[in-house]
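K.L.:
We have chain E; now place chain W onto it with these hints.
2 protein chains.
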Amino acid sequence: MNTSRNPLHTIMAPKSVAIVGASANPMKMGSMQFLNILHCGFPGTAIPVHPKHEEIFGVKAYPSISSLPDTPELAVLVVPTGLVINMLDEFGKLGTKHAIIISAGFREMGADGKILEKQLLETADKHGIRFLGPNCMGVFNSQYPFNATVTPFQDKPGFLSIASQSGTYLAQTLTYLKYRGVRLNQAMSVGNEANINIVDCLEYLGEDPKTKAIGLYIEALSDPGRFLEVAREVSRVKPIVAQYVGGSKAGAKSGLSHTGSIAGPDFLYNGLFEQAGVIRVHSIEDVYKVGHVLATQPGIKGNRVAVLTHSGGPGSGMCDTADRQGLVVEELPDDVQDKIRAVIPPTASPKNPVDLTFIVDSKPLSQIIPQILLECDEVDGLLIHGIMDTGWAKVTAGTLGKALGVSEEDMVKLTKSDLTSFLQLKEKYGKPVLVGSFMGDEDNARNVMMDNFIPVFSSPEKAAFSMGCLYKHHLIKTRPYSKAEKPQGLGKNTASILAQAKGPLDEFQAKRILADYGIPVSPESLASSRDDAVQAAESLGYPVVIKACSPDILHKTEKGLVKLNLGNPQEAAEAYDAIQEGAPGVPVIVGKMLPVQREFMAGITRFEGYPPCVLFGMGGVLAEALKDFSLRLAPMTQAEALAMIDSLKSSVLLDDFRNMGAVDREALASMLVNLGYLAMDFPEIKEIDLNPILIMDGKPVAADALIVL
Amino acid sequence: MNTSRNPLHTIMAPKSVAIVGASANPMKMGSMQFLNILHCGFPGTAIPVHPKHEEIFGVKAYPSISSLPDTPELAVLVVPTGLVINMLDEFGKLGTKHAIIISAGFREMGADGKILEKQLLETADKHGIRFLGPNCMGVFNSQYPFNATVTPFQDKPGFLSIASQSGTYLAQTLTYLKYRGVRLNQAMSVGNEANINIVDCLEYLGEDPKTKAIGLYIEALSDPGRFLEVAREVSRVKPIVAQYVGGSKAGAKSGLSHTGSIAGPDFLYNGLFEQAGVIRVHSIEDVYKVGHVLATQPGIKGNRVAVLTHSGGPGSGMCDTADRQGLVVEELPDDVQDKIRAVIPPTASPKNPVDLTFIVDSKPLSQIIPQILLECDEVDGLLIHGIMDTGWAKVTAGTLGKALGVSEEDMVKLTKSDLTSFLQLKEKYGKPVLVGSFMGDEDNARNVMMDNFIPVFSSPEKAAFSMGCLYKHHLIKTRPYSKAEKPQGLGKNTASILAQAKGPLDEFQAKRILADYGIPVSPESLASSRDDAVQAAESLGYPVVIKACSPDILHKTEKGLVKLNLGNPQEAAEAYDAIQEGAPGVPVIVGKMLPVQREFMAGITRFEGYPPCVLFGMGGVLAEALKDFSLRLAPMTQAEALAMIDSLKSSVLLDDFRNMGAVDREALASMLVNLGYLAMDFPEIKEIDLNPILIMDGKPVAADALIVL
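Heads up: the sequence lines are chains E and W, in that order. Under full-length UniProt numbering, the residues of the first sequence are numbered 1 to 709, in order. Under full-length UniProt numbering, the residues of the second sequence are numbered 1 to 709, in order.
If we strip away everything but chain E, and leave its shape as in the complex, we get (with noise of 0.2 Å):
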């Protein structure tokens, strides 16, 4: 995979670095970035170009760009903003290539700051530089290692990476993750994004090999459909799991003015992410969580789980959990069962949850009892609560170590654990183990457990949670998998018909597009005469709907101008001479009356920045109330098109429901991923609606349809 040239190769793991900002004062945000850089371990050679010192922190400065002895592979700057330009085009003059630009003052700003941001990005073509920011917080690299930010490490290195539209979340978390053995690998603030984006960090990540899983911060994304390809790619590698902030008022507002990008609303994430394969989560906090037990467990081959606690409530709140997360907690087949039974006391429960009831004792929940339950065939994962050690001697020295006569000290020595063979078991049964205790960084088994990769969460329900990530991974990497490919045939005449129409599109013209595209139309004819009306119907065969073609009049059903169930020619032509002298001289359609049983639609929507979205949900009067809809960005694939059907709620009522025979989904996913292409060929096209899509002999037709340019 790795043979993209995607500049963060570079820029993440420099020869070379020159840093403008930095200063003999430490509390200068530049100076604080330069210590971290030289505090690191970096291999490389770390440069400060500053006009007055001769040295800083120890290491000889430059005074200016020009005077650098060699070419940078990397310029950093930290620089009031009206220096950033300038100093840019300095060091393109020197070669250099690849810049990370601390500096605000940009598009953030308003109207000026988009201007001066534009110059940026000029100078930058103009010397063929690739940059990070402006007004991000750096990056580091914890393998190479490379450490931009301002804060320093605090812990080893992991195996989950994190590119991030908020600084704050690699620059100020660190103590945060250590406290919780949630290790990173590299990090990246992407600021402004004037140059390399978000998508362009994931399209990294997923190349490089140390990074297992991904965690992405997201307010809005500049280029949603080159995320989609690129996600696409990389989720069936590596798992993703995303926080996407900007979908709701106050969260777009918020993202808004740090950012200066469009948020779309939150469905339409929910959309693409589902499409691309990114695990959605709600916080900042499962970003981190989830994508540690992302980046260090293997991955769960189905969704049975088994629980072993020695406690009734967490036990019960982790089945709960693992329920709602599409996990099942089933019986144990009843040989494991027997094996537990020999090693539990008789109070306690081999059924599963495995239940041992009160102990303090760590051994039985973290031998035996986890290898029993591993080796068997019908647990794909395993959620233990309660392994603990001298935690729980702290916590009594004052009182049972008092009483017992041991000393605290003493307490801690005889009761430290050892879990060597438990901490290989995952590795040995390629099986995901997942630990909830209600203890901190005084119990030894919790973090002898997160130093060797196995997760302790501080409660139970978190640890079931991310064991249901790690299953919707399961099954994003397994879904049928193909590049989105337009169908051959599509949209030969939808030009000539566009440019014949000279104006908005009634119906009829709308339909001959969808047909042209290879979506199914009711069968129709235009007719302008009574005589044309009746030979229509007689031709289509009763019954018939006969309704007055023209883009100009809305409310047609409110107007009488939509005549339905007309069994005879009589009726046909009544129905004709009626919608005549409501409309006098405009053309009617006349259609084939199709059984209102199951209503559904489909459209074309857009929002500025994205690609077209295409809407799927059931129609009817119910369908505002309930908004049961799902929507993907186009193009889509044939399998995303299924998945979208079958992700609505609804989608029960495509089933053989009620004895009304079941859909072609097939049929009804082609129709999806064709109106996708027709919006995305025809840009001019603002808005398709296709309402009802109703049900004709199981395949689903356009009974009405509305394009709006």
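Just so you know, the hints here were simulated from the structure itself, not pulled from any lab data. Quick caveat, the model's predicted, so the values are computed rather than measured. There's no promise every hint is true.
Unchecked claim - Computed beta-carbon distance windows for the label pairs: (1) E/Asp-664 x W/Arg-658: 29 to 39 Å; (2) W/Lys-363 x E/Thr-45: 30 to 40 Å; (3) W/Gly-398 x E/Lys-210: 24 to 34 Å.
Stated by the list, open to error - Some chain E residues well away from chain W (every beta-carbon gap over 12 Å; in silico): (4) His-39; (5) Asn-135; (6) Glu-207; (7) Glu-233; (8) His-282; (9) Ala-322; (10) Leu-400; (11) Ser-458; (12) Pro-551; (13) Arg-598; (14) Glu-599.
Just so it is clear, CB atoms sit at the ideal spot from N, CA and C, and this is done for glycine as well.
P.N.:
Same frame as chain E, but now just chain W:
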């Protein structure tokens, strides 16, 4: 309120307690509990009973219960199952009226255990003893203080009290809670609830003046009817937050194996909690954290929050979560923005979120601006992210400190902030203040805030979520309230209709019963001849519907035994004949044909151990697929029925939807209230289905009805 004779008033604060099961071996459970009673500062007398030891942990022990010098107010039994009943009997003879039975081995063990538990209960009743347990983990009261659990107190007393069906949640989470600044007031483990149940705990905590909020952990309610009654009263005054884990398949199973009670489905508890004013959460973490916020913050008076941060990410995360919780983050009034603008850097935003951009100093986040925001009448609550001081110093001591030539100790001293005025703001303005910080207990500012009941959350989203729960409680506290009262004159004839029926009820009989309970049904008559049928149609007015009326015929529509939309005498006569042909000798219902624009359904369903459940939802073909329905327990108030109706996503259909006219919600609510009384009055009614309910002149009318006996 302090008028109940709730036995917990004594159990939670006994003057004297005797414990059986403590021994010289401090590793035994009874010993741990005795040690904690001794070391917690218990102001009463604690006496151990032991057959052999003369003293235990320095306290004189008595060889038997009968040899005790005085009658203890409370007995605590931690002895083998087989000894419990006799010992309780002995305490009873002594005159002890209260007990905590820690010992397990009763109902949770199956049939034999059930018999034992019954004997236990009989023994208690004989002496008028009220007891907690068996199979519980004790109680603690941090104010009195009294601690009869296995864990020593870890923190100072707080204002949140916990009643739990899992002992773990008071016996094993105290270090967890200390780290998170959550302080408890009282807590009880209810075990098998043989005598005192969790509803008694709720009632007691409702009366306890030092308990400001109540947290519940529930696996299954043994008395849901009384729970509703008590919680409805308590929640008007004190917030109640609850986790219920028995609603999912896995959760119910694990709960069952643990306590032996019958869990109800999730939607039942959703309805029950809504009705009772209980805030439902889905993890024990949220019980504690949300409970702590509810217990320590001034009530919020509206849903407008201000967000103050020093970084975009956490600010946006708070905004996004706030929005999902029904809170609004609106732009601040101009004058307020002006005041803020005067004290922030030019790149910062004063709008809301107020984003100061990256700073390490905590002053701007904790002084001046919070005051400006809380002073504003358009701000109901304040969310802040990023207040920190010494934690940051410690993180950077190795780099920044070194460069500055300042020791870690001095850096800590230099950075320590004075939060005195900040800590008083919530009381001064009577508005809640919640804080997010990624720092742990290494940070002085975090610890000081926690110590002073300003909750600090490790994730910005959690702070916003908790603020949402404050708002939920505001809505509960201020919603219309009345006692559930049966309307007069209901059900005068139902007993005699049921008596006459002898066997299953037909539709006509069912509707007579409904009408007897004030539930509007469609105008109709029963007819047993063609002439009667036509005459009935004539007097109802056309169009009419004619359908076979027999409790024995299912799927009438499919069998052609329902004839709709009959427009004249001839059609009515023909319909009668056709039905007679299909179902000879069966009488018919002749009913007014109602417009089928909007269909709803209502009904009664029963779950073993629960009061009758009233259901309301939309009807028609989609109802089944979309499951948009709500549930409440009978008896309910008119206001509760209205809230139940409004909680449906599809309730918009009751408005003047697409010009169909608004539906009389009060009439609909009465219908639901009365259905509940019908089910309460006649337990022999297993199920009621009104489907569809149609709308006639804006009023709901049951067009079809089934009552199953």
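K.L.:
In terms of Cβ atoms, is chain W entirely out of 12 Å range of E/Ala-322?
P.N.:
violated (6 Å)
K.L.:
Hey, is E/Pro-551 genuinely clear of chain W, shortest beta carbon separation above 12 Å?
P.N.:
holds (23 Å)
K.L.:
Using the C-beta atoms of W/Gly-398 and E/Lys-210, is the stated range 24 to 34 Å upheld?
P.N.:
holds (25 Å)
K.L.:
Using Cβ atoms and 12 Å as the threshold, tell me whether E/Glu-233 really stays out of contact range of chain W.
P.N.:
holds (27 Å)
K.L.:
With d taken as the least Cβ-Cβ distance between E/Arg-598 and chain W, does d exceed 12 Å?
P.N.:
Not fine: 7 Å to the nearest Cβ puts E/Arg-598 too close to chain W.
K.L.:
Beyond 12 Å from every Cβ of chain W: is that where the Cβ of E/Glu-599 lies?
P.N.:
violated (10 Å)
K.L.:
Was E/His-39 rightly flagged as not at the interface, with every chain W Cβ beyond 12 Å?
P.N.:
Check fails; 5 Å does not lie beyond 12 Å.
K.L.:
Does the claim that E/His-282 lies off the interface hold, with its Cβ farther than 12 Å from every Cβ of chain W?
P.N.:
violated (7 Å)
K.L.:
At 12 Å, judged by beta carbons, does E/Asn-135 keep clear of chain W as stated?
P.N.:
violated (9 Å)
K.L.:
Determine whether the non-interface label on E/Ser-458 survives the test: each CB of chain W must be over 12 Å from its CB.
P.N.:
E/Ser-458 is in fact no farther than 12 Å from some Cβ atom of chain W, at 6 Å.
K.L.:
Within 30 to 40 Å: is that where the Cβ-Cβ distance between W/Lys-363 and E/Thr-45 falls?
P.N.:
Holds - the Cβ-Cβ distance for W/Lys-363 and E/Thr-45, about 39 Å, lies within 30 to 40 Å.
K.L.:
Verify this label for me: E/Glu-207 is non-interface relative to chain W, using a Cβ-Cβ cutoff of 12 Å.
P.N.:
holds (26 Å)
Comparing the model with each numbered hint stated earlier shows that hints 4, 5, 8, 9, 10, 11, 13, 14 do not hold.
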